[in-house]
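Asks: Put together the whole structure using the sequences plus the hints.
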Amino acid sequence: MAELLKKLISINSVSGNEKEIADFLEKYLKKQEIVPKRIGDNLIVKTGSGKKTVMLVSHVDTVPAGVSWTADPFSPVIKENRIYGLGASDNKSNVALLLKLISGLIHNKLNGKVIFAFTT
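With positions in the sequence shown counted from 1, the corresponding number in this note's numbering is that position plus 37.
None of these hints come from the bench; they were simulated from the model. Treat each hint with caution, since some may be false.
Said to hold, decoys possible - The calculated PhoX-like cross-link candidates involving lysine-lysine, where the alpha carbons are at most 25 Å apart (straight line), are:
1) 67 x 56
2) 74 x 150
3) 89 x 137
Replies: Shown next as C-alpha coordinates:
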(Lines of atoms letter the chains of each structure in order from A and count residues from 1; the text may use other names and numbers.)
(Lines give C-alpha, C1' and ligand atoms only; values in the text may rest on other atoms or scores of the structure.)
Protein backbone atom coordinates (compact mmCIF):
# COMPACT_ATOMS: atom_id res chain seq x y z
CA MET A 1 0.00 0.00 0.00
CA ALA A 2 2.84 2.41 0.86
CA GLU A 3 4.46 1.97 -2.56
CA LEU A 4 1.14 2.61 -4.30
CA LEU A 5 0.57 5.75 -2.24
CA LYS A 6 4.09 6.98 -3.00
CA LYS A 7 3.46 6.49 -6.73
CA LEU A 8 0.17 8.41 -6.52
CA ILE A 9 1.86 11.28 -4.67
CA SER A 10 4.58 11.46 -7.31
CA ILE A 11 1.97 12.24 -9.98
CA ASN A 12 1.23 15.96 -10.28
CA SER A 13 -2.57 16.08 -10.23
CA VAL A 14 -3.21 19.68 -9.23
CA SER A 15 -6.79 20.67 -10.14
CA GLY A 16 -7.05 21.00 -13.90
CA ASN A 17 -4.10 18.64 -14.45
CA GLU A 18 -5.64 15.23 -13.73
CA LYS A 19 -5.03 13.37 -17.02
CA GLU A 20 -1.78 11.70 -15.91
CA ILE A 21 -3.26 10.30 -12.70
CA ALA A 22 -6.42 9.16 -14.52
CA ASP A 23 -4.21 7.38 -17.06
CA PHE A 24 -2.27 5.73 -14.21
CA LEU A 25 -5.46 4.57 -12.46
CA GLU A 26 -6.90 3.18 -15.68
CA LYS A 27 -3.67 1.28 -16.45
CA TYR A 28 -3.41 0.02 -12.84
CA LEU A 29 -6.96 -1.35 -12.94
CA LYS A 30 -6.59 -2.91 -16.39
CA LYS A 31 -3.48 -4.78 -15.22
CA GLN A 32 -5.82 -6.50 -12.76
CA GLU A 33 -8.34 -7.27 -15.51
CA ILE A 34 -10.66 -4.55 -14.23
CA VAL A 35 -11.94 -2.26 -16.96
CA PRO A 36 -13.21 1.04 -15.60
CA LYS A 37 -15.64 3.30 -17.39
CA ARG A 38 -13.79 6.52 -18.16
CA ILE A 39 -15.61 9.82 -18.53
CA GLY A 40 -13.00 12.48 -19.18
CA ASP A 41 -10.54 12.05 -16.33
CA ASN A 42 -13.13 10.41 -14.05
CA LEU A 43 -13.23 6.63 -13.66
CA ILE A 44 -16.03 4.37 -12.47
CA VAL A 45 -15.86 0.68 -11.52
CA LYS A 46 -18.99 -1.33 -10.73
CA THR A 47 -19.05 -4.73 -9.07
CA GLY A 48 -21.54 -7.06 -7.47
CA SER A 49 -25.25 -7.51 -7.99
CA GLY A 50 -28.41 -7.18 -5.98
CA LYS A 51 -30.82 -4.52 -4.86
CA LYS A 52 -28.65 -2.59 -2.42
CA THR A 53 -25.87 -0.31 -3.63
CA VAL A 54 -23.07 1.52 -1.92
CA MET A 55 -20.92 4.09 -3.71
CA LEU A 56 -17.38 4.91 -2.63
CA VAL A 57 -15.98 8.14 -4.07
CA SER A 58 -12.53 9.65 -3.93
CA HIS A 59 -11.20 12.73 -5.69
CA VAL A 60 -7.84 12.44 -7.42
CA ASP A 61 -6.90 16.09 -7.74
CA THR A 62 -4.91 18.16 -5.26
CA VAL A 63 -4.56 21.81 -4.40
CA PRO A 64 -1.41 23.57 -5.63
CA ALA A 65 1.66 23.23 -3.42
CA GLY A 66 1.86 26.16 -1.02
CA VAL A 67 4.96 28.21 -0.28
CA SER A 68 5.54 26.45 3.04
CA TRP A 69 6.83 23.25 1.41
CA THR A 70 10.49 22.75 2.31
CA ALA A 71 10.90 19.74 -0.02
CA ASP A 72 9.57 18.67 -3.41
CA PRO A 73 5.86 17.99 -2.74
CA PHE A 74 5.83 15.34 -5.50
CA SER A 75 8.72 13.35 -3.99
CA PRO A 76 7.14 11.38 -1.14
CA VAL A 77 9.18 10.92 2.02
CA ILE A 78 8.65 8.41 4.82
CA LYS A 79 9.41 9.71 8.32
CA GLU A 80 8.48 7.86 11.50
CA ASN A 81 6.12 5.51 9.62
CA ARG A 82 4.28 8.39 7.93
CA ILE A 83 4.31 9.29 4.26
CA TYR A 84 4.64 12.98 3.45
CA GLY A 85 3.90 14.56 0.08
CA LEU A 86 1.26 16.64 -1.68
CA GLY A 87 -2.07 14.85 -1.43
CA ALA A 88 -0.87 12.17 1.00
CA SER A 89 -3.84 12.67 3.31
CA ASP A 90 -6.14 14.59 0.96
CA ASN A 91 -6.90 12.44 -0.84
CA LYS A 92 -4.43 10.05 -2.37
CA SER A 93 -4.34 7.74 0.65
CA ASN A 94 -8.05 7.17 0.09
CA VAL A 95 -7.44 6.57 -3.63
CA ALA A 96 -4.84 3.90 -2.76
CA LEU A 97 -7.23 2.29 -0.28
CA LEU A 98 -10.06 2.14 -2.82
CA LEU A 99 -7.75 0.64 -5.46
CA LYS A 100 -6.78 -2.14 -3.05
CA LEU A 101 -10.42 -2.64 -2.02
CA ILE A 102 -11.53 -3.00 -5.65
CA SER A 103 -8.88 -5.67 -6.15
CA GLY A 104 -10.23 -7.59 -3.18
CA LEU A 105 -13.91 -7.32 -4.09
CA ILE A 106 -14.10 -7.42 -7.88
CA HIS A 107 -13.81 -11.18 -8.25
CA ASN A 108 -15.93 -12.10 -5.21
CA LYS A 109 -19.66 -12.72 -5.22
CA LEU A 110 -21.31 -9.84 -3.40
CA ASN A 111 -24.86 -9.56 -2.13
CA GLY A 112 -25.26 -6.02 -3.41
CA LYS A 113 -23.52 -3.56 -5.69
CA VAL A 114 -20.43 -1.51 -5.00
CA ILE A 115 -19.64 1.44 -7.23
CA PHE A 116 -16.21 3.04 -7.03
CA ALA A 117 -15.76 6.53 -8.46
CA PHE A 118 -12.48 8.37 -8.88
CA THR A 119 -13.36 11.97 -9.62
CA THR A 120 -11.64 15.21 -10.57
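Asks: Is the hinted pair residue 89 and residue 137 satisfied, with a Cα-Cα distance of at most 25 Å?
Replies: holds, 22 Å
Asks: Hinted pair, alpha-carbon criterion (25 Å max): residue 67, residue 56. Please report holds or violated.
Replies: OK: residue 67 and residue 56 at ~16 Å, within 25 Å.
Asks: Is the hinted pair residue 74 and residue 150 satisfied, with a Cα-Cα distance of at most 25 Å?
Replies: holds, 16 Å
Every hint, counting from the list given before, is met by this structure.
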